[in-house]
Structures are given as C-alpha cells and as structure tokens.
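Peer 1: Line by line, the protein sequences are chains Z and H.
Residue 1 is where the first sequence starts when you use this note's numbering, and the numbers rise one by one after that.
Residue 1001 is where the second sequence starts when you use this note's numbering, and the numbers rise one by one after that.
No lab work stands behind these hints: they were computed from the structure.
Do not rely on the hints blindly, as some may be mistaken.
Below, computed lysine-lysine pairings styled on DSS-like, alpha-carbon distance capped at 25 Å [stated by the list, open to error]:
hint: 1; chain 1: H; residue 1: Lys1157; chain 2: Z; residue 2: Lys116
hint: 2; chain 1: H; residue 1: Lys1157; chain 2: Z; residue 2: Lys120
hint: 3; chain 1: Z; residue 1: Lys114; chain 2: H; residue 2: Lys1157
hint: 4; chain 1: H; residue 1: Lys1222; chain 2: Z; residue 2: Lys57
hint: 5; chain 1: H; residue 1: Lys1157; chain 2: Z; residue 2: Lys93
Every value quoted in this text rests on a predicted model; they were computed, and no experiment measured them.
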Amino acid sequence: MKNAKKHVFAVFAVLIFLTGTTGASEKQTEIPSEKEKIIVYYFHGSYRCPSCAKIEKWSYEAIKDSFPKALKENRLLWKPVNVEKPENSHFIKKYNLFTKSLIITEVKGEKQTKWKNLEKVWLLLRDQREFFAYVTQEVRNYLDN
Amino acid sequence: MENSLIPVFSAIWFGILTSISPCPLATNILAITYIGKQKNSYGTLIAGLFYTIGRAFAYVVIGFIIVFSLLSVPEISFFLQENMNKILGPLLIIAGLFILEILSFGFGGFSFRENFQKRLGAGSIVGAYILGFIFALSFCPISAALFFGSIIPLSLKYESRLVLPILYGVGTALPVLLFSLLISCSSRFAGNIFNKLTAVELWLRRITGLLFFIIGIYFCMKYLFRIINF
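Next comes chain Z alone, as it looks inside the complex (with noise of 0.2 Å):
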C-alpha cells in the first residue's frame, strides 16, 4: 500500500514537472521577442567598395554596441545579404533597391508591417560619430514601437 502511494506521488511529481516545463516553455514562446521582430538588413553585391564596407562594418558596431540585449534575445537581427544572389534578387523590388542600401524592418508573426530605407547613411560617411548616432536613433524608434 505504501509502495502504491509511492508510485502514485512519483507519477503526480512527474506530471506536475512535465506540466511546469510545458509551461515555462509555451510561455517562452509567447514573449514578444519571438512574435515581434526588428530586422536590419545590409543588402550589398559580389563587389565591396570601400565605403559599401564601411557602411557594413558601422552600421553592425552601432547595433552591436547600443543593443546587445536585444540581439542576444533574437528581438533584433542583423542580416547582411548578397541580392546578386539569385535567391536574394526579390528583395531589389520589395525594398526598391538601387545601391548597396540599409533597410530596417519590423517583422510580426510572418507579416512585415513596415520598413524605412536608411538612405542617409551614404551622407555621413566622413563623420563616425553622427552615422552611429543616425543607425542607433532609427533602430530604438523601431524596437520602441
């Protein structure tokens, strides 16, 4: 008999356990971290010119540096991308590319809700400073949203 409510406490430990890691997990996937998500592309071609490089090379610093929880928690992501790629190609016509060009979007669940060209990067290349400061404002005002 004791044997019996042995086993019984057992089973209703491991259930209880399996319930709570069940649990935990579904509320992981639950955070917002993993429905809503900021992406920061940096399309480019074969060919790097030295400020394409430059743009690329900042641009991942100021992220890096301004954001690091966020990027550890997925909520923000860094995708450098060839679009002479050919399966990278579709991306020319939905961002309306016409040079190497950083892009930030806003991603929730599957659906794209908006996304801004970062156009001024190409005009604060002489100054660290202002592009950093440029990159890291545009990408607060979208993980702030």
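The hints should help you fit chain H onto chain Z, whose structure is shown.
Peer 2: Using the frame of chain Z, we list chain H on its own:
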C-alpha cells in the same frame, strides 16, 4: 527664397560629395590629367566646361528616363552599375593606346589620322565632353545612392527635371576642374622655368595615355573579370 536655395545647394553639395569619395577616384584621375594637359589655363577651363556639360547631360538624360517611367529606378541603376563599368575598361585601354599613338585609325588620309590623334592626345573639348558623359554613366554605389536616392526625389518634389540634375553634374565636375587647373598651371610654370614647354606637353600626353591604359586594365580586372576587389 530660402526654400528654393536649399535644393540648389544640396544638389551641388551631393555632386561634390560624390566626386570626393574614393569610389570614382580612378575616373577622376583620368579626367584631371586629360583636362589638365591643355596648352593653357583657358584651354583647361574650356575642356573642363565641356567635361561638366557632358556629365550634366548624362544626369539629365537619366532623369528624363525615370520621370517618364521608361525604366524603374532599380532597373536603370543596377543596369548602369553593372554594365557601364564593364564597358569602361576596354574603352579606356583603347583610348590610352590612341593617346600613346600605339594604335591609329585605319581610315582617312594620313593628315586626318595625324590630326585626329593629336587632337585626342591634346585633350580636345569633344573628348572632354565624351569623357564627362561616359564617366557620369559609370555609376558606383555612392553616386547611385546620392543621385537616385537624393537628386531624383528632389527633382520630383521641386518639379525640377533639368536644373537639379545639371547642378549635381556641376558638383561632380567641380573638384576635377579645380585639380585640372592646378595641374595645368603648375606644368606650364615648370615648363616655362626650364624652358621646356614642348617636352612637358609631350610627357603629359604620355602620362595621360599610360594612365588611361593602366586604369583600363584595372577596370577590366575589377568589373569584367572580377579578379580584384579593391
């Protein structure tokens, strides 16, 4: 008044920014030597003016193509970035060989050939115009970004299909014109001091031809064969 001046200065400034970026450095060097080796500063100014007109005309043409929706911005931008730089390499090599007088035209009489090559070598105004037009069409990422991303939207916003693209062209040519004048003045000065003006002119022509040839090879390796990436 203030509102109308902002796009005007923006267009010129964007042109200057394009010109002083590392991307069009190779073509700017060619333009500077080609324009700068005129016989006098007045000739350099005239050649520089035609180089500027060539550039401005190219931007006006592209502006019209976009405004009248003959091609979309991504289509024309990527087409020019992809193809013009590929064509430019062989063109520059051939031009360099002509300037160095290694190649010559196989038609016309001797006097025509000699005359044409001398004019080409001396940096004729037609040559400067063609150079401006072709170099303007050879878009690199920054010129594409500033022209298609800033000048075209400004032109549409202020309904200025002609003036703003022209001013952008002027802006891209200004630094070239300035350095051409510097080269022209200093080489004349050196030639006069050493009393060897003819020798200086000859060497300037040779240097120009050689630069066309070398930069032509550089363009071929970079854009046509994609061997180098700098």
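Peer 1: Against this structure, judge whether each hint is valid.
Peer 2: Checked hints:
1. H:Lys1157 to Z:Lys116: Given pair Lys1157 of chain H, Lys116 of chain Z holds - Cα atoms ~19 Å apart, limit 25 Å.
2. H:Lys1157 to Z:Lys120: Holds, at about 18 Å.
3. Z:Lys114 to H:Lys1157: Holds - the C-alpha atoms of Lys1157 of chain H and Lys114 of chain Z are around 23 Å apart, at most 25 Å.
4. H:Lys1222 to Z:Lys57: 22 Å, holds
5. H:Lys1157 to Z:Lys93: Status holds; Cα separation ~22 Å.
Every hint from the earlier list agrees with this structure, and none is contradicted.
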